[in-house]
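Chain by chain, the residues run as shown.
2 protein chains.
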Amino acid sequence: MPIWIGEQEIEDLAVGAALLGTGGGGDPYLGKLMVQKCIRKNGQIQLLDPTEVPDDQIVIPTAMMGAPTIMVEKIPNGDEALKSLRLLEEKFGRTAFATMPIECGGLNSTIPFVVASEAGIPIVDADGMGRAFPELQMETFNIYGVQGTPMGLFNERGDYCLLDTLDNAMLEHISRGIAVRMGGVAHIAEYVMTGAEVKRTAIPNTISLCMKLGKAIRVANERKNNPIEAIQQVTRESIYGEAMVLFKGKVIDVERRSTDGFVRGKAVVEGFDEFNGEKLHVDFQNENLMAKIGDELVAMVPDLITFLDVETGVPVTTEGLKYGFRVICLGIPTPDIMRSPAALNVWGPRYFGYDYDYEPVENIHKRRVRIG
Amino acid sequence: MPIWIGEQEIEDLAVGAALLGTGGGGDPYLGKLMVQKCIRKNGQIQLLDPTEVPDDQIVIPTAMMGAPTIMVEKIPNGDEALKSLRLLEEKFGRTAFATMPIECGGLNSTIPFVVASEAGIPIVDADGMGRAFPELQMETFNIYGVQGTPMGLFNERGDYCLLDTLDNAMLEHISRGIAVRMGGVAHIAEYVMTGAEVKRTAIPNTISLCMKLGKAIRVANERKNNPIEAIQQVTRESIYGEAMVLFKGKVIDVERRSTDGFVRGKAVVEGFDEFNGEKLHVDFQNENLMAKIGDELVAMVPDLITFLDVETGVPVTTEGLKYGFRVICLGIPTPDIMRSPAALNVWGPRYFGYDYDYEPVENIHKRRVRIG
Numbered sequence: 007m008p009i010w011i012g013e014q015e016i017e018d019l020a021v022g023a024a025l026l027g028t029g030g031g032g033d034p035y036l037g038k039l040m041v042q043k044c045i046r047k048n049g050q051i052q053l054l055d056p057t058e059v060p061d062d063q064i065v066i067p068t069a070m071m072g073a074p075t076i077m078v079e080k081i082p083n084g085d086e087a088l089k090s091l092r093l094l095e096e097k098f099g100r101t102a103f104a105t106m107p108i109e110c111g112g113l114n115s116t117i118p119f120v121v122a123s124e125a126g127i128p129i130v131d132a133d134g135m136g137r138a139f140p141e142l143q144m145e146t147f148n149i150y151g152v153q154g155t156p157m158g159l160f161n162e163r164g165d166y167c168l169l170d171t172l173d174n175a176m177l178e179h180i181s182r183g184i185a186v187r188m189g190g191v192a193h194i195a196e197y198v199m200t201g202a203e204v205k206r207t208a209i210p211n212t213i214s215l216c217m218k219l220g221k222a223i224r225v226a227n228e229r230k231n232n233p234i235e236a237i238q239q240v241t242r243e244s245i246y247g248e249a250m251v252l253f254k255g256k257v258i259d260v261e262r263r264s265t266d267g268f269v270r271g272k273a274v275v276e277g278f279d280e281f282n283g284e285k286l287h288v289d290f291q292n293e294n295l296m297a298k299i300g301d302e303l304v305a306m307v308p309d310l311i312t313f314l315d316v317e318t319g320v321p322v323t324t325e326g327l328k329y330g331f332r333v334i335c336l337g338i339p340t341p342d343i344m345r346s347p348a349a350l351n352v353w354g355p356r357y358f359g360y361d362y363d364y365e366p367v368e369n370i371h372k373r374r375v376r377i378g
Numbered sequence: 007m008p009i010w011i012g013e014q015e016i017e018d019l020a021v022g023a024a025l026l027g028t029g030g031g032g033d034p035y036l037g038k039l040m041v042q043k044c045i046r047k048n049g050q051i052q053l054l055d056p057t058e059v060p061d062d063q064i065v066i067p068t069a070m071m072g073a074p075t076i077m078v079e080k081i082p083n084g085d086e087a088l089k090s091l092r093l094l095e096e097k098f099g100r101t102a103f104a105t106m107p108i109e110c111g112g113l114n115s116t117i118p119f120v121v122a123s124e125a126g127i128p129i130v131d132a133d134g135m136g137r138a139f140p141e142l143q144m145e146t147f148n149i150y151g152v153q154g155t156p157m158g159l160f161n162e163r164g165d166y167c168l169l170d171t172l173d174n175a176m177l178e179h180i181s182r183g184i185a186v187r188m189g190g191v192a193h194i195a196e197y198v199m200t201g202a203e204v205k206r207t208a209i210p211n212t213i214s215l216c217m218k219l220g221k222a223i224r225v226a227n228e229r230k231n232n233p234i235e236a237i238q239q240v241t242r243e244s245i246y247g248e249a250m251v252l253f254k255g256k257v258i259d260v261e262r263r264s265t266d267g268f269v270r271g272k273a274v275v276e277g278f279d280e281f282n283g284e285k286l287h288v289d290f291q292n293e294n295l296m297a298k299i300g301d302e303l304v305a306m307v308p309d310l311i312t313f314l315d316v317e318t319g320v321p322v323t324t325e326g327l328k329y330g331f332r333v334i335c336l337g338i339p340t341p342d343i344m345r346s347p348a349a350l351n352v353w354g355p356r357y358f359g360y361d362y363d364y365e366p367v368e369n370i371h372k373r374r375v376r377i378g
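Those protein sequence lines, which keep their order, are chains A and B. The working numbering numbers the first residue of the first sequence as 7 and each following residue consecutively. The working numbering numbers the first residue of the second sequence as 7 and each following residue consecutively.
The hints are simulated quantities; they were obtained by calculation from the structure and are not laboratory data.
If several chains are the same, the list does not tell them apart, and a pair holds so long as it fits within one copy or across any two.
For lysine to aspartate or glutamate, the following DMTMM-like pairs were computed, each having C-alpha atoms within a straight-line distance of at most 25 Å:
no. : residue 1 : residue 2
1   : 272       : 259
2   : 80        : 173
3   : 328       : 317
4   : 272       : 315
5   : 89        : 173
6   : 221       : 235
7   : 97        : 173
8   : 89        : 170
9   : 97        : 170
10  : 80        : 261
Isolated chain A, as found in the complex (with noise of 0.2 Å):
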């Protein structure tokens, strides 16, 4: 049974997805607002489990890639991923059955929203990260074997390129160049596949987790309840391990540099209550991707880093992230699919440049607790 979502829907979203984000992925405000312009206009949007795709129908992904520091400057016109699908679609010569988001972000969580109204498809409750990451060929798409290009790029002055490459990895390589070149920003379509290849390969229902996610937020801090708690419950009753309180305090230190279509830098946080005395260092590649605790690793990709405000628990994301800023960081165990030794082999601490294996989040957070 399709569920068909409306501007709350959207709203509860958007938080949702920036906590999945982990830091990446844009800025959720600037991508709700973009949807609930189009509901307005167009009516509810469909929302279908992967398990009502059919089987030989093509689902075509959409996105933003790009700094999410410059995606806050450069704001869409709203046609622009819509533009690239429809590129694929004349390249293949059939029109999709539905669209999906690549990624959970803020902003990659919503455009595909924008893309199913303008077109008037449906869009798959599923994605291929389960997260955000910072490269293309960080999808389970292609861990799992669908062919990545051709690719559709658009950029907001309407020049595009279709991007045909024989492996993922390239496609990452040129279309960052491109998308660089395009001015930071370029709103693509990619990983055309199947309704099978979807339910083979696609991380499923993490639209409707991001939006109850976003809900249980909102609720509690409606009722005055704690939303950390309430991320709590919803998450350990998901695919992804129950949420974590790596740390709390207040942000001393920001360092970002926007690079080679990337934004990299480093956080620093100062401890209070029972954190106090002591420091927190995030390192960031458009997403949040390792916290260490003094000398001590307490979360690495592809588990969950994400910062919320200590007070509302809304997530804050990479480009957002400001001295002053008192803050939670939240560790989410991924869910298995994600932790495959083919998925670590893409999207492990190794490949980011750490020198040292993928060790489950909850596995070190239980040792610290026992130890504390």
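Assemble chain B onto chain A, guided by the hints.
Structure of chain B alone, referenced to chain A:
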């Protein structure tokens, strides 16, 4: 009347094109071997005067782009530029009547012959630069109003891109980024135009001029005549002005770096004979841009500045220039179509960051000779 081009003509073409290439346009030896292999396989290649192209037929120019220093290390398979042409044929739903070079240069004058031979189509005796220039908006096709995109780019692996931009400056900007990410070199097809547009915008008969120049140098060497005088005679009878000797000396320094998809740098030559005690400085960005003797400018873009071996008159490309080479530096006045205000706006000294207006090489030369 079409002319049929065989192995000897290609031998001459490669040398003459390297001369008009002013240091750029790639290695003539490599280009020559590629075409001669094609001629042995497919027979002679038809060279058409621009006036012989029907007004409503389409011509698709083909070339390589990137740093010539990389081109000599990544030898093409030979079918890359043809694939880019086929991509544009498919896009337009039309067959190319002919191909054409975009510039004169060792490789870029010969690549379209490979395409013509493999596709079984003629090549038009014209080009879009009348020399070599480093950037793709620096074509008479752009200056006189032809849309450069859609553009096809292939690399030697088979990765490809179909690029469409709103203007030809963006064409250069994005395609340069793609060429860099494709490995430093891309094989391209662009500025698709009608026969009528070829006649209106191309610089006519530059291929046959290259062949005449190459032949003149070869025959002068065979007969132990002065090759410089032979070059002067051919240029005197062309739409270019007569070549003049700007300097003679020994290369004492070459600074060269491959950055942003170009090779940039400068060469210093210590004079001998009548230039004893003087030093020549030449700047290049793929092509030689500016020549100074001491503090005095002696030639600048778009006039041609070319190094020749002092004994044989054979041109030396930017990537071949080495310490100890004994060279003559020639200046050749460009045709009027390349000196219009619109043209100088695109490829005059100010575009390349120099803080002075263009002055024709022959005027500077007359003044220097008079004072000297």
